[in-house]
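A.B. asks: Hey, can you work out the whole structure from these sequences and the hints?
From first to last, the protein sequence lines stand for chains S and G.
Count along the first sequence starting at 1, add 189, and that's the number in the numbering used here.
Count along the second sequence starting at 1, add 303, and that's the number in the numbering used here.
Honestly, the hints are just simulated from the structure, not real lab data.
On a predicted model such as this, the values are computed, not experimentally measured, just so you know.
We treat Cβ as the ideally placed atom computed from N, Cα and C, and that holds for glycine.
Keep in mind that the hints are not guaranteed to be accurate.
What the hints assert, rightly or not - Keeping only pairs whose Cα atoms sit at most 27 Å apart, straight-line, the calculated DSSO-like set for lysine-lysine is:
1) S/K254 to G/K393
2) S/K228 to S/K254
3) S/K256 to G/K350
As the list claims (entries may be wrong) - So the derived label-pair ranges between C-beta atoms look like this:
4) S/A387 to G/S329: 27 to 35 Å
5) S/L334 to G/L465: 48 to 56 Å
6) G/K375 to S/M363: 26 to 34 Å
7) G/D333 to S/T343: 52 to 60 Å
8) S/I192 to G/D373: 20 to 28 Å
9) S/D213 to G/D373: 16 to 24 Å
10) G/L465 to S/M363: 22 to 30 Å
11) G/S329 to S/D213: 30 to 38 Å
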Amino acid sequence: MNIQEYILSGVVELYVAGALCEEDARELESLALLHPELKQEIEQVEIALEAYAMANQLQPDASLKGKIFASIHQQPAMEAVVTSVESNVRLMEEEAPSAVTDNSHTQAPIQLNSRYNWLAIAASVALLLASTGIGFRFYQQNQSLQSEIATLKTDTQKQQQLVRSILTDPDNQMLVLKGSDKLPFKIPQAEVKIFWNARTQQVNLSVSKLPALGEDEQYQLWALKDDKPIDAGVFDANGKDLIKVLKTIASADKWAVTIEPKGGSPQPHLEKLCLLSAG
Amino acid sequence: MSKSDSNITETELILALKARDEKALSILYDRYSAALYGIVFKIVKEKELAEDVMQEAFVKMWNNFRDYDDTKGRLFTWILNVARNLAIDKTRSKSFKNSFLEVSSDEREVFHSKEMSTQQPEYIGMKDLLIHLREEEKLLVELIYFQGYTRTEVADELGIPLGTVKTRIRSAIIKLRKFFNTNESLQD
Numbered sequence: 190m191n192i193q194e195y196i197l198s199g200v201v202e203l204y205v206a207g208a209l210c211e212e213d214a215r216e217l218e219s220l221a222l223l224h225p226e227l228k229q230e231i232e233q234v235e236i237a238l239e240a241y242a243m244a245n246q247l248q249p250d251a252s253l254k255g256k257i258f259a260s261i262h263q264q265p266a267m268e269a270v271v272t273s274v275e276s277n278v279r280l281m282e283e284e285a286p287s288a289v290t291d292n293s294h295t296q297a298p299i300q301l302n303s304r305y306n307w308l309a310i311a312a313s314v315a316l317l318l319a320s321t322g323i324g325f326r327f328y329q330q331n332q333s334l335q336s337e338i339a340t341l342k343t344d345t346q347k348q349q350q351l352v353r354s355i356l357t358d359p360d361n362q363m364l365v366l367k368g369s370d371k372l373p374f375k376i377p378q379a380e381v382k383i384f385w386n387a388r389t390q391q392v393n394l395s396v397s398k399l400p401a402l403g404e405d406e407q408y409q410l411w412a413l414k415d416d417k418p419i420d421a422g423v424f425d426a427n428g429k430d431l432i433k434v435l436k437t438i439a440s441a442d443k444w445a446v447t448i449e450p451k452g453g454s455p456q457p458h459l460e461k462l463c464l465l466s467a468g
Numbered sequence: 304m305s306k307s308d309s310n311i312t313e314t315e316l317i318l319a320l321k322a323r324d325e326k327a328l329s330i331l332y333d334r335y336s337a338a339l340y341g342i343v344f345k346i347v348k349e350k351e352l353a354e355d356v357m358q359e360a361f362v363k364m365w366n367n368f369r370d371y372d373d374t375k376g377r378l379f380t381w382i383l384n385v386a387r388n389l390a391i392d393k394t395r396s397k398s399f400k401n402s403f404l405e406v407s408s409d410e411r412e413v414f415h416s417k418e419m420s421t422q423q424p425e426y427i428g429m430k431d432l433l434i435h436l437r438e439e440e441k442l443l444v445e446l447i448y449f450q451g452y453t454r455t456e457v458a459d460e461l462g463i464p465l466g467t468v469k470t471r472i473r474s475a476i477i478k479l480r481k482f483f484n485t486n487e488s489l490q491d
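C.D. replies: So this is what it looks like as structure tokens:
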């Protein structure tokens, strides 16, 4: 595609105006990653319109700001209610149809025959028990979902704190470990980064590219000091954490990763040495 | 607004908003509410409705700020689109009928309004801008960028060919760009 022609088509102006359909907007965004001149064009249009809007300012009433903050402060309680109601409704929608259908079938025979009355009552009782059961299950599911959300939130917060502490602490050093054709176990494209803190001696690790292993295997990080390997902890290729917290290591000349039986080994299996730090 | 608030860079503001810092929302409001209100008012043309839209817009920005991706565009473009889309929804839901004559007269009203914040240091006289932008170009910019009309709608309504709409929009944008760039460099 000729990018100049694309720009001249006026598509950038529409994009900035938010008037492109989702598909075209995605296309433009990916093109902007490839073509700096398109990216620049977008920014120029944005700046021009921003300035135009700034030149057309109109002051709202001074009371508006207070109203906005008031409605933001009201929110948290409402949000929680809405979320719990929504999740209950969703669960009920999934579970309820069969119960409703049963109910309508049991209604009609009541007037026809007294024998059916008992059936109807029995059915109603069963339905009542079932619905109580369902209700209880909603409650349980809701509880477990809530605790799941709470756990996820804490996990995310922990990860954020960890990333922040790594990025802001000047005592942290980052080292890249790479796979190579020259190593006994060849995964040339593999890469992990380790963050070693000189003060706390804590080793943290982030997987960039690493193939998943079998169930009974794990990667193990080794610190090499005076040619002796020291166990720095085991980790998996994937997993929920961006940053994996490993052991503390006082100092190291080099770092290496081997593939070991799950749980790690006291000494590295060198035939499965797959990543090594540079230098 | 204290001096430290006005010194906060856009990047710092974005980070603080992502971290849900209410002070950042306050700064965002101080910086951009008048620019947004100017546009929202032009779309809905009613004070009360415009204030409702503003309120909804800021609540939405606050709640959905994680959706803003600063690699894709500027902060103002994002908040403008939030406010503008809400305003357009309002006019549509009221089966609002926009006649172009109405738009122009309202625009004139807004442009000449005493409420326009002339004390803003970045304020640029509308007269200067009008010299640079021909009336029909200005109308197109207003309709397409700030009022959510499609180019086809504009072409139909004004009875001009779609190609002309495209060229006029483009020339208007280029003029605006030149105009504001010159003004920015004068300020530096």
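A.B. asks: Determine for every hint whether it applies to the structure shown.
C.D. replies: Verification of the supplied hints:
A hinted pair counts as satisfied when its Cα atoms are at most 27 Å apart, and S/K254 with G/K393 qualifies at roughly 20 Å. Restraint check: the Cα-Cα separation between S/K228 and S/K254 comes to about 34 Å, which exceeds 27 Å; the hinted pair is violated. Note on S/K256 and G/K350: the hinted pairing holds, with a Cα-Cα distance of about 15 Å set against a maximum of 27 Å. For S/A387 and G/S329, the Cβ-Cβ distance of about 40 Å falls outside the hinted range of 27 to 35 Å, so the restraint is violated.
Under the hint 48 to 56 Å, the C-beta atoms of S/L334 and G/L465, about 51 Å apart, fit the expected range. Our hint of 26 to 34 Å for G/K375 and S/M363 holds, since their Cβ atoms are close to 28 Å apart. For G/D333 and S/T343, the Cβ-Cβ distance of about 34 Å falls outside the hinted range of 52 to 60 Å, so the restraint is violated. For the pair S/I192 and G/D373, the supplied restraint of 20 to 28 Å holds, since their beta-carbon distance comes to about 23 Å.
The hinted range of 16 to 24 Å is satisfied by S/D213 and G/D373, whose Cβ atoms lie roughly 21 Å apart. Between G/L465 and S/M363 the beta carbon distance is about 54 Å. The supplied range of 22 to 30 Å is therefore violated. At about 36 Å, the beta-carbon gap between G/S329 and S/D213 stays in the expected band of 30 to 38 Å.
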